[in-house]
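Chains as they are written, first to last, in my numbering: chain A, 1 to 377; chain B, 1 to 377.
Hints in this document: simulated from the structure, not taken from any laboratory. Take these hints with a grain of salt, some might be off.
[Unchecked claim] The calculated DSBU-like cross-link candidates involving lysine-lysine, where the alpha carbons are at most 35 Å apart (straight line), are:
#  : chain 1 : residue 1 : chain 2 : residue 2
1  : A       : Lys20     : B       : Lys12
2  : B       : Lys67     : B       : Lys47
3  : A       : Lys179    : B       : Lys89
4  : A       : Lys179    : B       : Lys47
5  : B       : Lys374    : A       : Lys20
6  : B       : Lys374    : B       : Lys12
7  : A       : Lys6      : A       : Lys20
8  : B       : Lys89     : B       : Lys47
9  : B       : Lys89     : B       : Lys67
10 : A       : Lys179    : B       : Lys67
[Claimed, not checked] Pair ranges (Cβ atoms, derived):
#  : chain 1 : residue 1 : chain 2 : residue 2 : range
11 : B       : Gln319    : A       : Phe158    : 49 to 55 Å
12 : B       : Ser103    : A       : Glu107    : 38 to 44 Å
13 : B       : Ser375    : A       : Ile355    : 48 to 54 Å
14 : B       : Glu168    : A       : Gln82     : 17 to 23 Å
15 : A       : Tyr79     : B       : Gly113    : 36 to 42 Å
16 : A       : Ser69     : B       : Leu265    : 39 to 45 Å
17 : A       : Val233    : B       : Gln70     : 52 to 58 Å
Even glycine gets a Cβ: it sits at the ideal position worked out from N, Cα and C.
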Amino acid sequence: MLSRLKQMLIKEFIQVFRDKRARFILFGPPIIQMLIFGYAATFEIQHVPTAVLDLDHTQESRELISRFSSSPYFQVRWYLTQQEELVDLIDRGEATVALQIHPGFSEELQKGQTAPLQVVVDATNSNTALIAAGYVNQIAQTFAQDYQADRMGRISPFLVNHIPRVELQPRPWYNINLKSRWFFVPGVIGSLTLVLVTTLTAFAVVREREIGTLEQIMVTPIRPFEFILGKTVPFFLIGLADVSLIATIGTLWFQVPFRGSVVVLLVGTVLFLLCMLGAGLLISTVSSTQQQAMVTAFFFIMPAVIFSGFGFPISAMPRWLQYLTYANPLRYFLIVLRGVYLKGISFNILWPEMIAMAALGSFLLTLSVLRFHKALD
Amino acid sequence: MRWVRLTAVARKEVIHIIRDVRSLSIVVIMPVVLVLFFGYGVSLDLKHLPIYVYDREGSEQSQALLKRFQSSDYFEIVRVANNYSELVKALDDGRAKMAFVISSDFSENLRAGGTVSVQALVDATDDNTANVIIGYTQALVQGYSSDVQLEWLQRRGQQVQPPPLSVETRTWYNENLESSAFIVPGVLAVVMSVIGAFLTSLTVAREWERGTMEQLISTPVTPLEIMLGKLMPYFLVGLFDAGVCVVLAIFWFQVPFRGTVMALLISSALFLIALLCLGFFISVVTRNQLAASQVALVATFLPAFLLSGFLFAIEQMPQFVRLVTRILPARYYVSSLKMIFLKGTPVAMLYSQLVPLAIFALVLAALATRVFQKSLV
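Produce the entire structure from the sequences given, and follow the hints as far as they go.
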């Protein structure tokens, strides 16, 4: 059996590394995708293009505006004089935030009334809008507090020094500077592995079927089980190589900290690869042409990535969808990846995820092997 | 170019699509599935975030502050911790997204006056969620703080003045900050990429792989007729799918449609032509289904997904990535989609999107024809 398996493996490796184009496909797209994702995927909100319409022209209004222009979150690019300009800028999508200070602003402040600051936010991107509106509030709040303290200080310095004030000290753990990249890079490793290993495995089997060489192999003494091993072992190894490659890029190029142990990551990766080989084989058993395999893989990959917590928190999904994510191997692998990279945690915390992946992996592999036998008969 | 021959090639392609049940179903089902996936799966509207609280004091004041967390919709206190190590563990294994700590001298410090700190330990692996959590917590603490101040001033018989500033935020175009209104219109670009480039590149590459392309060429059909005949069915399919997406977006996800059908049709047609030609170009160059699908993935699907402004705001990307997005059709299409759906921008004001799209369509069409004709000699 071993010698037949060896022959089968040699054939597979020759096929996989046959020409330059084939070799490129194994490592080119993952690297390109890693780089694109690393640079493009970000939810950080900074330098929001901002327009200001100051109709008051007083020291107070200018002071308020300067707090926005000196903040890293906003970039005041336009100082307007007319309401129409403001509407036009927002309409064309050039300015995301527009601040409007009406005439009489400082007068109201001085009289001790509540002066309104009008803010228009382009909410076509609801996430940017939500966070930008939060920053506007923070800046306006601080301005108001300072103004009030200043006013009170003039009346009675004693009060200012003794008035109680509760202040929040946020401590963002694991990612002190709240960098999106630290969140996405470990996630990209997981989703790229998923895409690569399932499509390669599925294609490798289906191509033989489509071209007709599958029948040729089946008339040789090679047993179905050996055939399956011969088809999966190369992609298991390629998967491992790709994970190491993109993990290295993530750590060295994007400077994402690696706080945990390589062993934990390795065990997690092996378990996840088993799931993906199972999924790839399963796809191959239900497809007879490469186009069909591609389409089926697509319908597997999209939900697997979207409903994994890769970019969008699972807790924000409808409840019934949250339950479905428990059947998604990527969900667990992402927890392991981020846990190892950012939190530096180990088996004592990650064991439930490991067990879940092992269970899903054995289920998928058993199912696909059974189906595969059937498909051959 | 003869119309009869062109339609003959087109008819052959239609038969290919119809005969393969799965290809047919993908064409019909995919837009529905993708809109549902993204509509439900991609949401950043966070609620009921699990938090731990650790009240080291247990006084009336500290309980009053914690009550605000209890009654907030955004948080769910899953546990009242008794020691610090419990918090660390909960953040490590992800059971809590945030741990709120009140120190043991909280009420004493409040009585003494001045600034009192409370701590929020936030799991910042997901920077966006962390940002939102910090924002919500800040608002709660600030509310508590100003109530304490108010009470303190009243007790001292001070005249209480209204807050000096009120922020009146209006969120235009997406008044309720619905994630689905921001995400769903962009799904059209993803669907079109799959139909336009993915499927086309596969069908054409298959003809090369099987050698049927040579057979086609040996007939009196000219290269241009082959190309147009192959692409026309997919063009119609793409437009049909766009229609399906739009109907679902409007009637299922209640996304407002404020623009004109004309604007949508023009931009969709231009984008589709650009992508079909790109897909054709890829398949001519690669001549292999696996390679074609991988290249199409990197060249069309990923940009539509990542670099178009569909999910991630382009302004937040690094400078050179922003420059790269300028040479991608997806960017212009997604931005025109959002403008048509949410802003109701008329055709005449979409020139900065439509002109680049038209240029892409022309250039890619010329390129595909050139390469195809050359490949036949």
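Evaluation of the provided hints:
Of the pairs offered as hints, the one joining Lys20(A) and Lys12(B) holds, with about 34 Å between alpha carbons and a cut-off of 35 Å not exceeded. Straight-line distance between C-alpha atoms of Lys67(B) and Lys47(B) comes to about 17 Å, which keeps the hinted pair within the 35 Å bound. Of the pairs offered as hints, the one joining Lys179(A) and Lys89(B) holds, with about 23 Å between alpha carbons and a cut-off of 35 Å not exceeded. Between Lys179(A) and Lys47(B) the alpha-carbon distance is near 22 Å, which keeps this suggested pair within the 35 Å criterion.
Simply put, Lys374(B) and Lys20(A) have alpha-carbon atoms about 22 Å apart, close enough for the 35 Å limit, and the pair holds. A threshold of 35 Å between alpha carbons decides the hint, and for Lys374(B) with Lys12(B) the separation of about 24 Å falls inside it, so the pair holds. Straight-line distance between C-alpha atoms of Lys6(A) and Lys20(A) comes to about 24 Å, which keeps the hinted pair within the 35 Å bound. Of the pairs offered as hints, the one joining Lys89(B) and Lys47(B) holds, with about 22 Å between alpha carbons and a cut-off of 35 Å not exceeded.
Restraint check for Lys89(B) and Lys67(B): the C-alpha separation of about 24 Å stays at or below 35 Å, so the hint holds. In summary, the hint linking Lys179(A) to Lys67(B) is supported, as the alpha carbons are separated by about 31 Å, within the 35 Å threshold. Between Gln319(B) and Phe158(A) the beta carbon distance is about 52 Å. The supplied range of 49 to 55 Å therefore holds. Checked against the hint of 38 to 44 Å, the C-beta distance between Ser103(B) and Glu107(A) comes to roughly 42 Å, which is consistent with it.
At roughly 53 Å, the beta-carbon separation of Ser375(B) and Ile355(A) lies within the given 48 to 54 Å, and the hint holds. Judged by the Cβ atoms, the range 17 to 23 Å given for Glu168(B) and Gln82(A) holds: they are separated by roughly 20 Å. Taken as a hint, the range 36 to 42 Å holds for the pair Tyr79(A) and Gly113(B), whose Cβ atoms sit roughly 41 Å apart. The beta-carbon spacing between Ser69(A) and Leu265(B), approximately 42 Å, falls within the hinted interval of 39 to 45 Å.
Separated by about 55 Å at the C-beta atoms, Val233(A) and Gln70(B) satisfy the suggested range of 52 to 58 Å.
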